[in-house]
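A.B. asks: Sequence:
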Amino acid sequence: MDIEVDQIPAFEEGFYDYMDGNAPDVLEAILASGKLEEETETKLRAAIEAYKKQFAAMAQA
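Using full-length UniProt numbering, read the sequence shown as starting at 1 and increasing by one per residue.
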């Protein structure tokens, strides 16, 4: 699922909240190492995909 350009601001705002609540370890790992390690990237990609599904469901509601 792709995000429409006009939906990006809402997606971005919601994604920050999602990450804070569901994957705070991802940001902590990036800040601690100063880079995006492979394991952290995998977790980040999984979080993005999970939030995209949630965002799509909210948009259809």
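Derived from the structure by calculation, the hints contain no laboratory data.
Accuracy of the hints is not assured; some may be wrong.
Below, simulated SDA-like cross-link-like pairs (lysine to any residue); rule was C-alpha separation at most 20 Å, straight line [stated by the list, open to error]: (1) LYS52 <-> SER33; (2) LYS43 <-> GLN60; (3) LYS43 <-> ASP20; (4) LYS53 <-> THR42; (5) LYS43 <-> MET19; (6) LYS35 <-> LYS52; (7) LYS53 <-> ALA29; (8) LYS53 <-> PRO9; (9) LYS52 <-> PHE15; (10) LYS43 <-> VAL5; (11) LYS43 <-> ALA23; (12) LYS35 <-> GLU4; (13) LYS52 <-> ALA10; (14) LYS35 <-> PRO9; (15) LYS43 <-> GLU4; (16) LYS52 <-> ILE8; (17) LYS53 <-> ILE30; (18) LYS43 <-> ALA59; (19) LYS52 <-> ASP17; (20) LYS35 <-> ILE3; (21) LYS35 <-> LYS53; (22) LYS35 <-> ALA10; (23) LYS43 <-> ALA61; (24) LYS43 <-> ALA29; (25) LYS35 <-> ASP6; (26) LYS35 <-> ALA59; (27) LYS43 <-> PRO24; (28) LYS43 <-> PHE15; (29) LYS52 <-> GLU41; (30) LYS53 <-> ALA32; (31) LYS52 <-> GLU12; (32) LYS43 <-> SER33; (33) LYS53 <-> ASP2; (34) LYS43 <-> VAL26; (35) LYS53 <-> GLU28; (36) LYS43 <-> GLN7; (37) LYS35 <-> PHE11; (38) LYS43 <-> ASP6; (39) LYS53 <-> ALA10.
A.B. asks: Against each hint, give a clear statement of whether it holds in the structure.
C.D. replies: Hints, verified against the model:
1. A distance of roughly 26 Å separates the Cα atoms of LYS52 and SER33; the hinted pair therefore is violated under the 20 Å criterion.
2. In summary, the hint linking LYS43 to GLN60 is not supported, as the alpha carbons are separated by about 26 Å, beyond the 20 Å threshold.
3. This hinted pair checks out: LYS43 and ASP20 have alpha carbons roughly 14 Å apart, not beyond 20 Å.
4. Of the pairs offered as hints, the one joining LYS53 and THR42 holds, with about 17 Å between alpha carbons and a cut-off of 20 Å not exceeded.
5. Our distance criterion of 20 Å between C-alpha atoms is met by LYS43 and MET19, whose separation comes to about 11 Å.
6. Distance check on the hinted pair: LYS35 and LYS52 sit about 24 Å apart at the alpha-carbon level, beyond 20 Å; violated.
7. About 24 Å separates the Cα atoms of LYS53 and ALA29, which puts this hinted pair outside 20 Å; it is violated.
8. Pair hint LYS53 plus PRO9 holds up; C-alpha atoms about 16 Å apart against a cutoff of 20 Å.
9. For a cut-off of 20 Å, the pair hint linking LYS52 to PHE15 stands: about 9 Å separates their Cα positions.
10. Between LYS43 and VAL5, the direct Cα distance comes to roughly 24 Å. Violation of the 20 Å bound is thereby established for this hinted pair.
11. For the hint pairing LYS43 with ALA23, the CA-to-CA distance comes to about 8 Å; that is within 20 Å, so the pair holds.
12. Annotation: proposed proximity of LYS35 to GLU4 is violated, straight-line Cα distance about 29 Å (limit 20 Å).
13. A hinted pair counts as satisfied when its Cα atoms are at most 20 Å apart, and LYS52 with ALA10 qualifies at roughly 12 Å.
14. Taking the CA atoms of LYS35 and PRO9, the gap is about 25 Å. The hint is violated against a cut of 20 Å.
15. Our distance criterion of 20 Å between C-alpha atoms is broken by LYS43 and GLU4, whose separation comes to about 24 Å.
16. Proximity of LYS52 to ILE8 is assessed by CA-CA distance (about 11 Å); at most 20 Å being required, the pair is judged to hold.
17. Pair hint LYS53 plus ILE30 does not hold up; C-alpha atoms about 24 Å apart against a cutoff of 20 Å.
18. For the hint linking LYS43 to ALA59, the alpha-carbon distance of about 24 Å lies beyond 20 Å, and the restraint is violated.
19. Under the criterion of a C-alpha separation no larger than 20 Å, the hint pairing LYS52 with ASP17 is consistent with the structure, at around 13 Å.
20. Among the hinted pairs, LYS35 with ILE3 is inconsistent with the structure: their alpha-carbon atoms are about 26 Å apart, more than 20 Å.
21. In summary, the hint linking LYS35 to LYS53 is not supported, as the alpha carbons are separated by about 27 Å, beyond the 20 Å threshold.
22. At most 20 Å may separate the alpha-carbon atoms for a hinted pair to count; LYS35 and ALA10 exceed this at roughly 26 Å.
23. A distance of roughly 27 Å separates the Cα atoms of LYS43 and ALA61; the hinted pair therefore is violated under the 20 Å criterion.
24. The straight-line distance between the Cα atoms of LYS43 and ALA29 is roughly 10 Å, inside the 20 Å bound, and the hint therefore holds.
25. Between LYS35 and ASP6, the direct Cα distance comes to roughly 30 Å. Violation of the 20 Å bound is thereby established for this hinted pair.
26. Distance check on the hinted pair: LYS35 and ALA59 sit about 33 Å apart at the alpha-carbon level, beyond 20 Å; violated.
27. Note on LYS43 and PRO24: the hinted pairing holds, with a Cα-Cα distance of about 11 Å set against a maximum of 20 Å.
28. The suggested pairing of LYS43 with PHE15 holds, with an alpha-carbon distance near 14 Å, which does not exceed 20 Å.
29. For the hint linking LYS52 to GLU41, the alpha-carbon distance of about 16 Å falls within 20 Å, and the restraint holds.
30. The suggested pairing of LYS53 with ALA32 is violated, with an alpha-carbon distance near 29 Å, which exceeds 20 Å.
31. For a cut-off of 20 Å, the pair hint linking LYS52 to GLU12 stands: about 10 Å separates their Cα positions.
32. For the given pair, LYS43 sits about 15 Å from SER33 by alpha-carbon distance, which is consistent with the 20 Å threshold.
33. The hinted pair formed by LYS53 and ASP2 meets the criterion: a straight-line CA distance of about 10 Å does not exceed 20 Å.
34. At most 20 Å may separate the alpha-carbon atoms for a hinted pair to count; LYS43 and VAL26 meet this at roughly 7 Å.
35. Under the criterion of a C-alpha separation no larger than 20 Å, the hint pairing LYS53 with GLU28 is inconsistent with the structure, at around 24 Å.
36. For the hint pairing LYS43 with GLN7, the CA-to-CA distance comes to about 23 Å; that exceeds 20 Å, so the pair is violated.
37. Under the criterion of a C-alpha separation no larger than 20 Å, the hint pairing LYS35 with PHE11 is inconsistent with the structure, at around 24 Å.
38. In summary, the hint linking LYS43 to ASP6 is not supported, as the alpha carbons are separated by about 26 Å, beyond the 20 Å threshold.
39. A distance of roughly 14 Å separates the Cα atoms of LYS53 and ALA10; the hinted pair therefore holds under the 20 Å criterion.
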